[in-house]
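Asker: Residues per chain are reported as follows:
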Amino acid sequence: MKREGLFNEKAIEEIEKARALWQGECLRPEDLESEHLLKSASGIPLRLIYTPEDVRDMDYLRELGFPGLPPYTRGVYPNMYRGRPFTIRQIAGFGSPEDCNKRMKFFLEKGGTGLNIVLDMPTIRGYDSDSPQAEGNVGQCGVAIDSVEDMKALFQDLPIDKVSVSLVTHLPSTTVILLSMYMVMAEERGIAPHALAGTTQNDFLMETTIGSAPEILPPRHSFRIQCDVIEHATRILPRWNPVSYNGYNLREAGTDAVTEVGIAIANAQATAEELMKRGREPDSFLPRFSFFWDLHNDFFEEIAKCRASRRVWYRVTSEKLGAKNPRSHLMRFHVQTAGITLPSIEPLNNIARAAIQGLAAVLGGAQSLHVDSFDEAYSAPTETSALVSLRTQQIIQVETGVTKVIDPLGGSYYVEYLTSELERRILEFLEKVKSLGGIVTAVETGWVHRLIADFAYRQQRAIESGELPIVGVNYLPSDKKEPPMEIFRYPETEGRQRAKLKELREKRDKVRWKEALDRVRECCHEGSNLMPVVMDAVRARATLGEIQQIFRECFGLWEFPLK
Amino acid sequence: MGSVTQRPIKVLLAKLGLDIHWRGVVSISRMLRDAGMEVIYLGNQFPEGIVAAALQESPDVVGLSTLCGNHLSLGPKVVQLLKERNMEDVLVIMGGVIPPDDREELKRRGIAEVFGPDTPVKQIVQFIEEKVRGRDPS
Numbered sequence: 001m002k003r004e005g006l007f008n009e010k011a012i013e014e015i016e017k018a019r020a021l022w023q024g025e026c027l028r029p030e031d032l033e034s035e036h037l038l039k040s041a042s043g044i045p046l047r048l049i050y051t052p053e054d055v056r057d058m059d060y061l062r063e064l065g066f067p068g069l070p071p072y073t074r075g076v077y078p079n080m081y082r083g084r085p086f087t088i089r090q091i092a093g094f095g096s097p098e099d100c101n102k103r104m105k106f107f108l109e110k111g112g113t114g115l116n117i118v119l120d121m122p123t124i125r126g127y128d129s130d131s132p133q134a135e136g137n138v139g140q141c142g143v144a145i146d147s148v149e150d151m152k153a154l155f156q157d158l159p160i161d162k163v164s165v166s167l168v169t170h171l172p173s174t175t176v177i178l179l180s181m182y183m184v185m186a187e188e189r190g191i192a193p194h195a196l197a198g199t200t201q202n203d204f205l206m207e208t209t210i211g212s213a214p215e216i217l218p219p220r221h222s223f224r225i226q227c228d229v230i231e232h233a234t235r236i237l238p239r240w241n242p243v244s245y246n247g248y249n250l251r252e253a254g255t256d257a258v259t260e261v262g263i264a265i266a267n268a269q270a271t272a273e274e275l276m277k278r279g280r281e282p283d284s285f286l287p288r289f290s291f292f293w294d295l296h297n298d299f300f301e302e303i304a305k306c307r308a309s310r311r312v313w314y315r316v317t318s319e320k321l322g323a324k325n326p327r328s329h330l331m332r333f334h335v336q337t338a339g340i341t342l343p344s345i346e347p348l349n350n351i352a353r354a355a356i357q358g359l360a361a362v363l364g365g366a367q368s369l370h371v372d373s374f375d376e377a378y379s380a381p382t383e384t385s386a387l388v389s390l391r392t393q394q395i396i397q398v399e400t401g402v403t404k405v406i407d408p409l410g411g412s413y414y415v416e417y418l419t420s421e422l423e424r425r426i427l428e429f430l431e432k433v434k435s436l437g438g439i440v441t442a443v444e445t446g447w448v449h450r451l452i453a454d455f456a457y458r459q460q461r462a463i464e465s466g467e468l469p470i471v472g473v474n475y476l477p478s479d480k481k482e483p484p485m486e487i488f489r490y491p492e493t494e495g496r497q498r499a500k501l502k503e504l505r506e507k508r509d510k511v512r513w514k515e516a517l518d519r520v521r522e523c524c525h526e527g528s529n530l531m532p533v534v535m536d537a538v539r540a541r542a543t544l545g546e547i548q549q550i551f552r553e554c555f556g557l558w559e560f561p562l563k
Numbered sequence: 001m002g003s004v005t006q007r008p009i010k011v012l013l014a015k016l017g018l019d020i021h022w023r024g025v026v027s028i029s030r031m032l033r034d035a036g037m038e039v040i041y042l043g044n045q046f047p048e049g050i051v052a053a054a055l056q057e058s059p060d061v062v063g064l065s066t067l068c069g070n071h072l073s074l075g076p077k078v079v080q081l082l083k084e085r086n087m088e089d090v091l092v093i094m095g096g097v098i099p100p101d102d103r104e105e106l107k108r109r110g111i112a113e114v115f116g117p118d119t120p121v122k123q124i125v126q127f128i129e130e131k132v133r134g135r136d137p138s
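Chains as they are written, first to last, in the numbering used here: chain A, 1 to 563; chain B, 1 to 138.
Only chain B is shown next, with the shape it has when bound in the complex (with noise of 0.2 Å):
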């Protein structure tokens, strides 16, 4: 650590679906950012829609938010498209109202980590610095 400046990371936040819930995800984004990450919060998107985005935009991360009980169906099918395009090392990570038994469940099907209400966000930088920055080479 502590090497030359290295370019921001980049993440990529979306509302998952038809889900209207919108206060968590657009304050993250905002913390995120000062915590010196580029985000693009996408609004609303299908999975379709978010690997599109994701395959432009390159990230490092692919944040979904969900309230509205669509996890399980629709949070895997992000990872399973991103496999599909061979974006296989984007971190996926997920938040919102998600029962315990299911965060388990997302986690075996290739989301990185979930994380419920009452989360304090600089525990989410901290998971996202750790997990992209133990990766990158330099």
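Isolated chain A (complex conformation) (with noise of 0.2 Å):
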């Protein structure tokens, strides 16, 4: 059924007509030839002005609607950032667990309000910092965790029943361990599992894909344990997000802001299928989904992207889903900002990209934010560089005013323009995937990888080409010597985590501890969910390490696509 749209033809006919003098009056002949020349960052050609001309189909209350109500293209909360402010969510993770204990404890002090934890390589990929693969990476880039004594340590004396946490574990099967480990930690801390709110990765695209590493396990047995994470979590942790659906990690490598969203939400619809093949009904686990994107420099374009994602996720759960609880619709997301645009020439610059970037997710409606260190390009931030962070998004949040009213730029003709294409692009996305055989296969044929190495490779030509000017680097390139600045120095972590491996392995039960692991062996011929025994084995004190090698032996390893 066409309902009435949004201006009557009378009206656009006039405005039709005023254009055309407009046009003919007041612009020169070249602006004209040269007016679809300039795109988006993601390639959509851009008009000089938008007016109600180019939203004239545009059905209010179809696509755009109420915050809190079908599409949520508004918003998915009725009162948004009145109800509840957007999370101060940031990053911390260097050194030992100890180490890390203290800057998130700085974080709190200075008024984060949700804690956010990145894990150094040999974690995020599966070995104990006593490996002969994690050396040179212990506690670098991350906080090293090896056994469930380090995530108690991590989280020593933090209100973990009152703050939601985001661990950024990347990979399924790292994430079926380090969950694990957090819940045996609550567990022998005493504290329940439905008081337990917070967030982990686990996505399967950056086990085959986003990341490249030594040692990978095939896109299909890292997809299961995606699904068994995310099976097992919402029968027991009811305010836990056992997925964050990467689009984040997918923009830094290089795509562009269709793709980021498209393949974040192929993913999600692949999942929801298989856990719906698994017997579970949509409704029992949709609500527990969660997404990440990152906010990139085209400031438009990303605040569409947002208001878009929301929609098409919507139009997903509703019409491919057969989702029925409100909840289930809701596209919540966290936002990073673009790591990626951030040089080390002129350092500073970077506080005023991540400002702008970090204000475009605020006004993409997101629901917590890390906004990047200006010394990103150098190493992680230190705590001066960290707090400048801290203190942009709280700037943004008490400051500028944009958190009063919900969704300012609705109805900007632009941005709504913006937003109906993103979507129309972001849908047409999905059918070629869902055409390749799905997220899954084109995974597995490295379709996904190409896409984005020819991305990342077309923009460094148009880097050095000028095309994409980069202020300081390659438009008006400096040429003033870096005055010297302070460097994070990651402390040696190596040798303390060395030395509680060799306590934890001598003290520990050995026959409880190689049951609970050759259960694990067990389950994953088996193809029962693995997370039960993953948290036993973590109970008897088995490591991550010891852990994803059984995973390595029973799935086998996979070679990454690209050459």
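Hints in this document: simulated from the structure, not taken from any laboratory.
Note that beta-carbon positions come from the ideal geometry of N, C-alpha and C, so glycine has one too.
Careful: at least some of the hints might be erroneous.
Said to hold, decoys possible - Computed footprint of chain B on chain A, listed as stretches where at least three residues anywhere in the stretch have a Cβ under 8 Å from a Cβ of chain B:
# : stretch
1 : 123-130
2 : 133-142
3 : 210-219
4 : 341-348
5 : 375-385
6 : 389-401
Fit chain to chain and form the complex, with the hints in mind.
Answerer: Written out as structure tokens, the structure reads:
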């Protein structure tokens, strides 16, 4: 049923006439000839100005509506930031759990409202700190976690029954172990599962596509573990998001906004279909799905991306997955500003870049936010640069006034046009993935990898040619030598982690430990849900690396398809 | 210069150890090919694997990419292992997120050059060509 558009035909006709006059009398011919040469960052041709003509068919109630109601374009909650401000969730992650614990306390003392933990590479890829592969990487770029004892030290004295915690676990295979460690830590502290609020990443594209590694599990097995974690956690952790479909790292690796959202939603849809095959009702797990976007430089397109992604997700959950519970339709997402856009040259300029990207996230209706630090291209943030990021969030939240009114750019002819155009392109992308046999197959064949690599290559060429301007780098390049700046140095961590592991391995009950690991191995082959047996292994003080090694042995390794 | 057709410069590229960020190295690998070089991208490798591949391929250049903080421990190890196998002529260069002080340290320990973020690839191409062609007798 076609409802009346926002503008009646007579009004549009008058606007068209006025436009013709304006074009004829006010514009130069070259303005019109070059009109469509400029494009958005994702390649949408842009007009000089947008008017009601460009949104003449828009059906307000079907396409925009009200926040908290379908199709959720204007926001997932009826009162948005008046009801609950976005969560200030700055990343912490370096050194030992004891070191990282201090940084988290620093954030909470300074007004952070959520925790966000990144892990070092050995932990991300499932190696213990004393394994040969971990050499040189322990406690670098993230915190080292080897056992449940480390998880206890990481959250020592932190109010995890009150503050939500994001564990940036990347891979499903390490998520199943790390979330188990988190739950066993809470269990041993006497905190009930229903009190735990937070998010694990758990995205099989992080295991197989976005990050490369010497040893990678095959996509199909990684996808199975991703689904296992979601299946189990949605039964026992009512306030936990067991997955954060990661558009962010796709974008950082090399995609445009359409592909970023398209791949994440394709993965979410595939997960839902798999869990439905396993006998679960969509409304029993969809309310716990969450998403993760990268807010890049193209300000209005990024805001439109947030709005369009909510609308697409509603279409998918209601039309394709048959969800009925309103909470199943809500695309709740975390945002991190775009690290890839922050050069090493004139680093203080990055404060401006990150602030503008953070502002776009809030105008786009994000649920939580991390603002990158200006020293991104040098090392992990110092306490000084981390505080600037935290303060940037607070400035957006309480000084600018942008949180007072919901979806303040709703109704902008331009933003609405972009939102509809991005929606159309994302839906088209989803069809493309479907035609390739679904997201797992698209990963197995290397199609997604090539898409990313081609984009990254084109971007690099555009930077080299100056077509993509970066202030101070290829646009008005800085000719001054950088003044020395404070750079974060990672504390020595390897030795301390090794000592703790040695003690753990000596003290644990070896019979119980071995039996628990044997059950993990059996479960890998049987195909039943891995999470309960992994939790038992964690209780028996099995380490991350020991459990991951069983996955490698049972599932085999996969060759990364880029040469 | 301007001599008869030279064989292309051969470059072996690797992601160092456990680093997961492949965007830079894969883009550079293509751009070095655009510049006429022969490039073999090994994916993620530890120093032993990189040197084993170098023994087999006899490259002019080994390029190591890392953004995750293992540059000081694993980078010089590649140089040392190459030396042990009598391949000290191979030019070893690095790129990625590497703090300026560490760049100096890496150069002291045998890395020919360290390219930070924002380095135009043509600068890397020029560096390789000068170093490799410069010492070619032809």
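Asker: Compare the structure with each hint and give your call.
Answerer: Structure-based check of each hint:
1. 123-130: holds (count 3)
2. 133-142: Holds, because 7 residues of the stretch 133-142 of chain A bring their Cβ atoms closer than 8 Å to Cβ atoms of chain B.
3. 210-219: This one holds; 5 residues, not fewer than the three required, reach chain B with a Cβ under 8 Å.
4. 341-348: The restraint on the stretch 341-348 of chain A holds, since 3 of its residues have a Cβ under 8 Å from chain B and three suffice.
5. 375-385: holds (count 3)
6. 389-401: violated (count 0)
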